[in-house]
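Counted the way UniProt numbering counts, the sequence shown spans residues 1 to 162.
Among the clues, some could well be false.
As the list claims (entries may be wrong) - The calculated lysine-lysine pairs, modelled on DSS-like cross-linking and capped at a C-alpha distance of 30 Å, are:
{"no.": "1", "residue 1": "K55", "residue 2": "K91"}
{"no.": "2", "residue 1": "K15", "residue 2": "K123"}
{"no.": "3", "residue 1": "K112", "residue 2": "K124"}
{"no.": "4", "residue 1": "K119", "residue 2": "K95"}
{"no.": "5", "residue 1": "K94", "residue 2": "K122"}
{"no.": "6", "residue 1": "K111", "residue 2": "K65"}
{"no.": "7", "residue 1": "K94", "residue 2": "K111"}
{"no.": "8", "residue 1": "K3", "residue 2": "K65"}
{"no.": "9", "residue 1": "K15", "residue 2": "K55"}
{"no.": "10", "residue 1": "K10", "residue 2": "K95"}
{"no.": "11", "residue 1": "K95", "residue 2": "K55"}
{"no.": "12", "residue 1": "K95", "residue 2": "K112"}
{"no.": "13", "residue 1": "K122", "residue 2": "K112"}
{"no.": "14", "residue 1": "K55", "residue 2": "K119"}
{"no.": "15", "residue 1": "K65", "residue 2": "K10"}
Honestly, the hints are just simulated from the structure, not real lab data. The model shown is predicted, which means the values in this text are computed figures rather than measured ones.
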Amino acid sequence: MAKDKQPKPKGVPNKHLHARTTFLYQAATYLTLRAGEPSGLALQLASDLHAVSRKGQVRLSSELKRSVCKTCYAVLIPGRTATQTLENESKQGKKPWADVLVLACTVCGTKKRFPVGAKRPKKKSERTCGLPAPRMSEKSSDGHHSAVSNSQPTPDQESSLM
């Protein structure tokens, strides 16, 4: 007799690591908001956040990654520890899909650029699913290629066949 398979646990794998990263982010944000500028402790907590996620191979959300400076680990809060500008470097700013949000860290001066106006391209699996299958061509008796038709013959064509 085969052993019964254990049901997979529901929820997040490595729940304790997610709880720790969430706490570190909240603590770093709180200390930054309280002091007005990032303290050494807030920078250390954000650095520990990245270390825990790398060591435990936990993926951080894109919003969380965007809100922490990659250079100095300061929590980026617009108006306090970061400045926000919208740039469009296309010719005279005519292309609305070329808008870029620039977040500049006021602690170290590093700039992060995020596309804002452009639509994200679909994944390859999503792009190829909706395409119809290519139609095969047949060679007629006179040697020319013609497309295969899956349609039913019209009544006029049926009478000519009889």
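> Any of the earlier hints contradicted here, and which numbers?
Replying inline: 1, 8, 10, 11, 14
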